[in-house]
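Those sequence lines, one after another, are chains A and B. Numbering-wise, the first sequence is residues 1 to 234 according to the numbering used here. Numbering-wise, the second sequence is residues 1 to 335 according to the numbering used here.
Since the hints were derived computationally from the structure, they do not count as laboratory data. The beta-carbon is built from N, C-alpha and C at its ideal position, and this holds for glycine as well. Please note: incorrect hints may appear among the correct ones.
Listed next, the in silico EDC-like pairs over lysine to aspartate or glutamate satisfying Cα-Cα at most 16 Å (straight line) [to be verified]:
(1) K64/A <-> D178/B
(2) K123/A <-> D65/A
(3) K42/A <-> D178/B
(4) K210/A <-> D147/A
(5) K123/A <-> D156/B
(6) K123/A <-> D178/B
(7) K42/A <-> D156/B
A few chain B residues that face chain A, going by a derived Cβ cut-off under 7 Å, partial list only [said to hold, decoys possible]:
(8) D37
(9) G72
(10) W133
(11) A137
(12) L154
(13) W155
(14) L161
(15) A162
(16) G163
(17) R164
(18) R186
(19) P222
(20) S224
Short, incomplete list of chain B residues facing chain A, as computed with Cβ under 7 Å [unchecked claim]:
(21) D130
(22) P165
(23) T194
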Amino acid sequence: MKNPFPGLRVAVTGGTSGLGLALVHLLHEDGARVAFAARDRKRVASVARAYAGTHGIAGNVALKDDIYPMALQILGELGGLDVLINNASDLGSTPLALLGDTQCEDLERALATNLLGPFRLTKALLGALAASGREGRGGVVLNVSSDAAINAYPTWGAYSASKAALRHLTLIWDEEMSGQGVRFLSVDPGDMDTPLHALAVPDADVSTLKRPEAAARELLDAIKQTLATKGMAA
Amino acid sequence: MTAPRLLVIDARGGLRHFPRERLVDTLRTGDLVVANDAATMPASLHGIHVASGEPIEVRLAGWSSVTTDIAGFTAVVFGAGDFHMKTEDRPSPPAIAVHDALALGPLSATVTQVLGHARLVALHFSGSSDEIWAGIAQHGRPVQYAHEQSPLALWDVWTALAGRPVAFEPPSAGFALDWQIIGALRSRHIGFATITHAAGISSTGDADLDQHLPFDEPYDVPMSTASAIARTRASGGRIIAIGTTVVRALEHSARSDGMVRAGSDIATGRIGRATRLRVVDAILTGVHERGTSHYELLRAFADDDTLSAADGELAAHQYRLHEFGDSVLVIPAAL
Numbered sequence: 001m002k003n004p005f006p007g008l009r010v011a012v013t014g015g016t017s018g019l020g021l022a023l024v025h026l027l028h029e030d031g032a033r034v035a036f037a038a039r040d041r042k043r044v045a046s047v048a049r050a051y052a053g054t055h056g057i058a059g060n061v062a063l064k065d066d067i068y069p070m071a072l073q074i075l076g077e078l079g080g081l082d083v084l085i086n087n088a089s090d091l092g093s094t095p096l097a098l099l100g101d102t103q104c105e106d107l108e109r110a111l112a113t114n115l116l117g118p119f120r121l122t123k124a125l126l127g128a129l130a131a132s133g134r135e136g137r138g139g140v141v142l143n144v145s146s147d148a149a150i151n152a153y154p155t156w157g158a159y160s161a162s163k164a165a166l167r168h169l170t171l172i173w174d175e176e177m178s179g180q181g182v183r184f185l186s187v188d189p190g191d192m193d194t195p196l197h198a199l200a201v202p203d204a205d206v207s208t209l210k211r212p213e214a215a216a217r218e219l220l221d222a223i224k225q226t227l228a229t230k231g232m233a234a
Numbered sequence: 001m002t003a004p005r006l007l008v009i010d011a012r013g014g015l016r017h018f019p020r021e022r023l024v025d026t027l028r029t030g031d032l033v034v035a036n037d038a039a040t041m042p043a044s045l046h047g048i049h050v051a052s053g054e055p056i057e058v059r060l061a062g063w064s065s066v067t068t069d070i071a072g073f074t075a076v077v078f079g080a081g082d083f084h085m086k087t088e089d090r091p092s093p094p095a096i097a098v099h100d101a102l103a104l105g106p107l108s109a110t111v112t113q114v115l116g117h118a119r120l121v122a123l124h125f126s127g128s129s130d131e132i133w134a135g136i137a138q139h140g141r142p143v144q145y146a147h148e149q150s151p152l153a154l155w156d157v158w159t160a161l162a163g164r165p166v167a168f169e170p171p172s173a174g175f176a177l178d179w180q181i182i183g184a185l186r187s188r189h190i191g192f193a194t195i196t197h198a199a200g201i202s203s204t205g206d207a208d209l210d211q212h213l214p215f216d217e218p219y220d221v222p223m224s225t226a227s228a229i230a231r232t233r234a235s236g237g238r239i240i241a242i243g244t245t246v247v248r249a250l251e252h253s254a255r256s257d258g259m260v261r262a263g264s265d266i267a268t269g270r271i272g273r274a275t276r277l278r279v280v281d282a283i284l285t286g287v288h289e290r291g292t293s294h295y296e297l298l299r300a301f302a303d304d305d306t307l308s309a310a311d312g313e314l315a316a317h318q319y320r321l322h323e324f325g326d327s328v329l330v331i332p333a334a335l
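Only chain A is shown next, with the shape it has when bound in the complex:
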């Protein structure tokens, strides 16, 4: 399978740490044109400097008013969009808590970041993604999922419920939009050695955890496979 990434226009949310940073790194290495977004302006600037030619955007996907400014910058800087990776995630309660001990505000924040944010950003970028599909370039949205989207682990309630909803949303997006040339993927990257995992499980044995670069490579392979199946870019 040919490498589809050189020149491909890809946007990644949560691009300054963990899996998102690994995705920016690998996409940059593979020759993609990358825009990434994250909340902390300084970290965004420092990652953009580290990976010359990438476009860093400061914004919070959980905030409705940040979505269109982010979409405008992504589309302006890349001149359109072929692939969107909704990666930014929020754990809900930290430390993790039983649902009975979970603050409503923590559940709201998890839903805002993990469900509403990806929905809003996808909707704002859908015209560009459909154009990419029609032109035979791309048109893929990858939503980062979790095994917690399927399994009921105690104390993971807020995160779990938001990721389960995101997974179902992804399936419905795909049913509705594949006819228009836009495919939606939900991928569980596994348990990784990332800041998010450290917040969730502070005493985890990191030697048993996947490196984010390995998970990022699997995500990019899933995108590559989808592009090839669509008969595009391959």
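Following the hints, position chain B against chain A.
What follows is chain B alone, placed relative to chain A:
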């Protein structure tokens, strides 16, 4: 608000009313619908004219170079006040000269040219293109319409199809399309394609300034769209343009030999009664008043008697004007 309506005007004078959501019922298998997928810039930037210290509003109105270089724009300058005031009631902006600096929130711009009118200028923003996009995203607001009650947000002025942000006012005919309708086209075997046309502003509210319009507008025709148009025409299907910008771009692209070419070019000139259309068979557009450039363009599609009869029908049935109103489809008579 009542559901949007669609008046279908056929070139032999027939007039039929439809709910707009039934657009597909007015088309035929084998037709091709072509829309403009440009997203709209938040083109209104408030700030200060540095030399005089006076408040100004700059409205980005067009690209000053053909490459849509993010640093260079054509812009209309307004004095203090905002869209709540009628344009003619607003104080004049301070006198603006070449090399003047404008401080527009996080953005700094320099006037590079005054373009034949005291309020029409070319601007150059300083900074990297990422900094300029970030500044426009943070500080820019959509150009507001005096006829709208509440201020518009960016999500109000992007159509469902909005992609590259290169337009200065919305390709508003595209508000008639949603994903339900685009999916229905597909299931009826009606083609769908897009172009990207960087629509500049079509009116400034000032007759002298409007003499300078429309600006030359860059457009891009994807290869897939050029092929779809060629296939449709070869098999006898009709080309249905969603909005005036699509007509401008396709007719410009086909001006030499009737073939629409893939690639980028600059649309120049106006389309009106004297234009012989070579590609586009029908146009879906908003309801526009006689005398506007949008109305003038309809005269390329139907004769004046037909359009007058349609005007009467639109008025009698209280069709809504403007960007977010009802629609008309001017289409050749069924054979």
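Results for each hint:
no., hint, verdict
1, K64/A <-> D178/B, "violated (21 Å)"
2, K123/A <-> D65/A, "holds (14 Å)"
3, K42/A <-> D178/B, "violated (39 Å)"
4, K210/A <-> D147/A, "holds (14 Å)"
5, K123/A <-> D156/B, "holds (13 Å)"
6, K123/A <-> D178/B, "holds (12 Å)"
7, K42/A <-> D156/B, "violated (31 Å)"
8, D37, "holds (5 Å)"
9, G72, "violated (14 Å)"
10, W133, "holds (4 Å)"
11, A137, "holds (4 Å)"
12, L154, "holds (4 Å)"
13, W155, "holds (6 Å)"
14, L161, "holds (4 Å)"
15, A162, "holds (4 Å)"
16, G163, "holds (4 Å)"
17, R164, "holds (5 Å)"
18, R186, "holds (6 Å)"
19, P222, "holds (5 Å)"
20, S224, "holds (5 Å)"
21, D130, "holds (5 Å)"
22, P165, "holds (5 Å)"
23, T194, "holds (6 Å)"
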